[in-house]
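Put together the whole structure using the sequences plus the hints.
Just so you know, the protein sequences line up as chains P and L, in that order. Going left to right, the first sequence walks through residues 1 to 663 as our numbering numbers them. Going left to right, the second sequence walks through residues 1001 to 1535 as our numbering numbers them.
None of these hints come from the bench; they were simulated from the model. Do not rely on the hints blindly, as some may be mistaken.
Below, in silico cross-link-like pairs of lysine-lysine (DSS-like), each with a Cα-Cα straight-line distance of 27 Å or less [to be verified]:
| no. | chain 1 | residue 1 | chain 2 | residue 2 |
| --- | --- | --- | --- | --- |
| 1 | L | K1163 | L | K1374 |
| 2 | P | K178 | L | K1443 |
| 3 | L | K1163 | L | K1443 |
| 4 | L | K1374 | L | K1443 |
| 5 | L | K1455 | L | K1443 |
| 6 | P | K178 | L | K1374 |
| 7 | P | K477 | P | K178 |
| 8 | L | K1374 | L | K1455 |
| 9 | L | K1457 | P | K178 |
| 10 | L | K1455 | P | K178 |
| 11 | L | K1163 | P | K625 |
| 12 | P | K398 | P | K477 |
| 13 | L | K1457 | L | K1443 |
| 14 | L | K1457 | L | K1374 |
Remember, it's a predicted structure, so these values are computed and weren't measured experimentally.
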Amino acid sequence: MTHLPTILILLPLLGALAGALTYLWPTGAKRRSNIRTLEHSNIRDTIAMATTTGSVVLAAVLAWTVFLSLWLGGGAASHVDWFTWLNAGPWQVTFGALTDKLSATMYVVVATVSACVHVYSIGYMHEDASRRRFFIYLSAFTFAMLMLVSAPNLVQMFLGWEGVGVCSYLLIGFWHHKESANAAAMKAFIVNRVADAAMLVGLFLLLQTFGSLTYGDIFGQLGANTAALMNAVTPLFGYEVSTLSLAALLIFVGAMGKSAQFGLHTWLPDAMEGPTPVSALIHAATMVTAGVFLLCRLSPLYELTPDVLHIVAYVGALTAIFAATVGLTQTDIKRVIAYSTCSQLGYMFFAIGVSAYPAAMFHLTTHAFFKALLFLGAGSVIHAMHHEQNIFRMGGLKTVLPITYVCMWLGSLALAGIPPFAGFFSKDLILESAFMAPGGWAQPVYYVGALAAMLTAIYGFRIVFMAFEGAFMGDEKVRSHAHESPWVILGPMMPLAAGAVLAGLLLSPMGTLEWWQGAIVISHHHDALHAAHHTPAYAKYAPLLLAICGIAAAWYLFAEYRNIPRKLASVLAIPYAISLNKWYVDELYDLAVVRPTRVLAGWLYRFVDQEGIDGLVNGAADATKQAGQALRQTQTGHVAHYAFAMVMALVVGLGLLLWRVMG
Amino acid sequence: MTFPLPPLTTLIFLPLLGALLTLLVSHPNAAQQAYNAKRTALFVSVVTLLLAAYVGWHFNPAQGGYQLMERKPWVPSFGLTYLLGVDGISLPLMLLTALLTPLCLLASWNLTDRPKYFFASFLALEAAVMGVFAALDFILFYVFWEAMLIPMFLIIGIWGGEKRVYAALKFFLYTFVGSVLMLVAILYLYAQAGTFDIPALTAALRENPALMSPLAAQLVFLAFFAAFAVKVPMWPFHTWLPDAHVQAPTAGSVILAGVLLKMGAYGFLRFSLPMLPEASAHFAPFIFVLSAIAVVYAALVAYAQTDIKKMIAYSSVSHMGLVTLALFAAPLGGGETALHGGLLVMLNHGIVSAGLFLAIGVVYERLHTRDLTKFGGLVVYMPRYAFVLMTLTLAAVALPGTNGFVGEFLSLAGSFPAAPVATAVATTGVIFGALYMLWLYRKMVFGTPSAFVEKHKRDLPDLGWRESLIFAPLIILVPLLGILPGLAMDMWRAPVEAMDMWRAPVEAMVATEHVTPTVIPAQAGTQSDGGGVHE
Chain P
1 MTHLPTILIL LPLLGALAGA LTYLWPTGAK RRSNIRTLEH SNIRDTIAMA
51 TTTGSVVLAA VLAWTVFLSL WLGGGAASHV DWFTWLNAGP WQVTFGALTD
101 KLSATMYVVV ATVSACVHVY SIGYMHEDAS RRRFFIYLSA FTFAMLMLVS
151 APNLVQMFLG WEGVGVCSYL LIGFWHHKES ANAAAMKAFI VNRVADAAML
201 VGLFLLLQTF GSLTYGDIFG QLGANTAALM NAVTPLFGYE VSTLSLAALL
251 IFVGAMGKSA QFGLHTWLPD AMEGPTPVSA LIHAATMVTA GVFLLCRLSP
301 LYELTPDVLH IVAYVGALTA IFAATVGLTQ TDIKRVIAYS TCSQLGYMFF
351 AIGVSAYPAA MFHLTTHAFF KALLFLGAGS VIHAMHHEQN IFRMGGLKTV
401 LPITYVCMWL GSLALAGIPP FAGFFSKDLI LESAFMAPGG WAQPVYYVGA
451 LAAMLTAIYG FRIVFMAFEG AFMGDEKVRS HAHESPWVIL GPMMPLAAGA
501 VLAGLLLSPM GTLEWWQGAI VISHHHDALH AAHHTPAYAK YAPLLLAICG
551 IAAAWYLFAE YRNIPRKLAS VLAIPYAISL NKWYVDELYD LAVVRPTRVL
601 AGWLYRFVDQ EGIDGLVNGA ADATKQAGQA LRQTQTGHVA HYAFAMVMAL
651 VVGLGLLLWR VMG
Chain L
1001 MTFPLPPLTT LIFLPLLGAL LTLLVSHPNA AQQAYNAKRT ALFVSVVTLL
1051 LAAYVGWHFN PAQGGYQLME RKPWVPSFGL TYLLGVDGIS LPLMLLTALL
1101 TPLCLLASWN LTDRPKYFFA SFLALEAAVM GVFAALDFIL FYVFWEAMLI
1151 PMFLIIGIWG GEKRVYAALK FFLYTFVGSV LMLVAILYLY AQAGTFDIPA
1201 LTAALRENPA LMSPLAAQLV FLAFFAAFAV KVPMWPFHTW LPDAHVQAPT
1251 AGSVILAGVL LKMGAYGFLR FSLPMLPEAS AHFAPFIFVL SAIAVVYAAL
1301 VAYAQTDIKK MIAYSSVSHM GLVTLALFAA PLGGGETALH GGLLVMLNHG
1351 IVSAGLFLAI GVVYERLHTR DLTKFGGLVV YMPRYAFVLM TLTLAAVALP
1401 GTNGFVGEFL SLAGSFPAAP VATAVATTGV IFGALYMLWL YRKMVFGTPS
1451 AFVEKHKRDL PDLGWRESLI FAPLIILVPL LGILPGLAMD MWRAPVEAMD
1501 MWRAPVEAMV ATEHVTPTVI PAQAGTQSDG GGVHE
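This is the structure in structure tokens:
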């Protein structure tokens, strides 16, 4: 039993390695064309798909076993050490698996969605000649994500953190013949690196302060020396700032990158260049929630830095409303869902900001189900429509794709937070906690969140109605070929659909602090979560009402009177342009960061390196040469080396002289 | 089994003997002669590698100090001894040299211009480098240090690119000026302590700091600095490196980046820091600044390059900046963490940059260009190559799980307490480092094949057996040392722990001067409540 977590973490790695081994198998005759490979399903591809999918499905089964035994079986949290990775003298890093409610929840989320996505990909990537590579990356990603969540220390966490980042990079750029995919992949990696650099400095601060990066050591010291640690300060630009706050803030910046919070979100919409199953697994359900998980894992630290929690709350709220406004006007079905993810992650962060970590984790879990469902549903549409992603070239698809249609409805209802679907319970709890945060400081956050809830319903159902209702708006030839997806695609959507419907109801104990059995710590000074039970009725039901209004509005605008949105867009030209152009953040970065960096790099090379430093060097060399030519008049030989032998002799002589003088 | 010959002497003179043998190879048929010479040289380098492995096997990491020492009188009237020995700091660098040399020879297999002389020069270079790392007599060290210049000068100057003579002279003069100053410092130290014996000299200087006035120690430090900073190379003494790399043949670049740059860091670690702890501490802030600049500046300049070899050359400057930062941070609060980190970056950079230069050599041999703008879509024709380059790229951007990460993480984490600002600046190097490496990969390998690549697709076979064999050890070492860095760290654990000895006097001085402790112990009521919980 204690080794189950270890096994379930390593299974995807073994699957990926076994799949990778097939590359060592000599291919024999060169494959003549891709068409032939498709017809004769390659045995190596089959083996790789079997090992990866099989191992991840098995991991999912084990994950549920671990999770249920912890929850219902009364099992205790466990910690297994594997081996020492780094022994840097005074401190060590040991690989291992820390399995408490927090990591067990993530095991279930990660392994379940990953298993569904693996199976789904067998159908979705059927036509791709390099699907073997795809499956290996998917399994490697799953392994890295499990390493991240099971880590007993921040260094192993960082291994998983960067590991999921690189798998994301490889999968976004999976179709590497597409220039846009390569650009998006690189953008994702670099933006995340910016965040990671901040996080690294945060880790260094923690290491310096605690002498260890193991959670147990850090939390132990936080509990034992609370007052001393809270008073610790670090000099920064002439000011003294609290060390803990600085570290917490830097780590939050790292989390902002991975979880696409406003300012560091720009990579996520572009990441939709990757195949749709990737978007479902990595850019909706798991990797992007790593930041949320990390802050929950570090709740004992964040509880001591309330100023940072305020920042977290505001950043989360800003992201929630920003992404919701952008989601309203995008035309690419995947980008709308991507902005929706961004917005929902904002909710999770502002839950953390008001110390409602359990609510954040609860929403993380329900969101994983319904958002993965929405992405896979979108994938099913795209698959049926021969890679058409623009919702303005769809319409009336409900008769063609009835099962997908139902799934999209379920996912969108959960997203909009309509009871009894999953999102209702978790989103409701988040908003209530924000409303009831002690002192009422977070009430603006609540109002922003409630408004975003309405926008969520509008953009969520905009997709459903544009794609499935009304008249078809695209190429008639595409429609005549459109067909419901095969069961290998629809099948894996069923568990996720069940989750989107039931997860909120069944997992509602997750919304209480007690359920987490100490994996999450909340200071009694800011216990918004308990106070949330006493939310006044108007604050409790307002978001629901707004969401219902949103759905109605969406029906009116995008199913019934489709010409109204166009008129609205021309009337509200400026807000429309801002939303359509994603608040011009990319343009701003291009102008303020990307181009200056490029110019600076070129300038440093040309003017500092070549003309400046090397200019001096060559100048000195020329001067020496001229002096040498002058001296050469008296010499018979003129080989450069001889001159240097003499210089050397001179220096040796001087050295000896110095010796005699000083000695 | 005991080895019948003194192992370190053999390790130095076997390659030299091999160089002579290679020169003696003669055959009426020129092609046959070249082939025989190549085989001879390769054979000797492989035997050297086995011998190095033997030395590594018999090395006892638990035992501190130098091992396998050999002491013979050399020029007694001048106090010179032939003194050799290895410790955990020099051994990994010798192993690296022994590993890279056969790979370099294999990579030069298709050389047609006077191959006999090239292969002989290369073995002579290996001998000199081994000597540098094994020598424990200061003059002996100096002899090897200078001797190394000659074969390298020939390799760049004869077998290099279009501007080879300029590059070779620049390389030679730059390093030579630095090392001449070092010689003065060596002689001065001899004058003060009366010995060239490095362990004895270090002990003498440590036990009796009064041997030198602080000013004299600082001047000696600067003289050493001139030699080592050029060699590393530290910013702004680095401009010889891009030229040398671009003009050098592939094998020359590999050994230059893989081993020769490490000699500078080795010098700091072997001489400057333990012999001159106060002077080192005095100049450390200055070195932190130069190192942080090197990390960021060189990464940015690398990004500006269109010549792929130049790009990797600048990346070396960037990575070595991390080494100097960590080494000088070690006695000032960085401790064992920083020292482990610095040593790991040295070793790992030796593996990864060697691999990158080899990888660039592979495409240069096929397409005869280093112009990044001409490349694109190599993955279509060379998938195996794409895999190799991706592995090396990920190691270069220090992805956890690869060897690059452990060194980078420990260097930065270790340096942070000693130099928080410089370390924070250097940490942004992880952004720019990823920027140029991924840009390089994207332009070369991803995308659709460029017109140039398409035109030459017949010349683009994937990696063959010989090339796969070259990359195999490096590709295995990348994850191996990433997951089990202890394999390397345990080798130098004893000398790293012994660092306390040269840290002790420094700390006494530093405590009053440089370091402001970050964690101020709590004093009730005296601190602002900035980070306090809301009551």
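Against the structure, the hints come out as follows:
With a CA separation close to 21 Å, the supplied pair K1163/L and K1374/L stays within the 27 Å bound. For the given pair, K178/P sits about 12 Å from K1443/L by alpha-carbon distance, which is consistent with the 27 Å threshold. Between the alpha carbons of K1163/L and K1443/L the distance comes to roughly 26 Å, so the proposed pair stays at or under 27 Å and holds. Taking the CA atoms of K1374/L and K1443/L, the gap is near 9 Å; set against the 27 Å cutoff, the hint holds.
Using a Cα cut-off of 27 Å, the hinted pair K1455/L and K1443/L holds, with the two alpha carbons roughly 17 Å apart. Among the hinted pairs, K178/P with K1374/L is consistent with the structure: their alpha-carbon atoms are about 18 Å apart, no more than 27 Å. With a C-alpha separation of about 25 Å, the suggested pair K477/P and K178/P falls inside the 27 Å cut-off, and the hint holds. Straight-line distance between C-alpha atoms of K1374/L and K1455/L comes to about 11 Å, which keeps the hinted pair within the 27 Å bound.
For the suggested pair K1457/L and K178/P, the alpha carbons sit about 20 Å apart, so the restraint of at most 27 Å is met. Distance hint between K1455/L and K178/P is fulfilled; the C-alpha atoms sit about 20 Å from each other, no more than 27 Å. At most 27 Å may separate the alpha-carbon atoms for a hinted pair to count; K1163/L and K625/P meet this at roughly 19 Å. With a C-alpha separation of about 17 Å, the suggested pair K398/P and K477/P falls inside the 27 Å cut-off, and the hint holds.
Restraint check for K1457/L and K1443/L: the C-alpha separation of about 17 Å stays at or below 27 Å, so the hint holds. For the hint linking K1457/L to K1374/L, the alpha-carbon distance of about 13 Å falls within 27 Å, and the restraint holds.
Every hint, counting from the list given before, is met by this structure.
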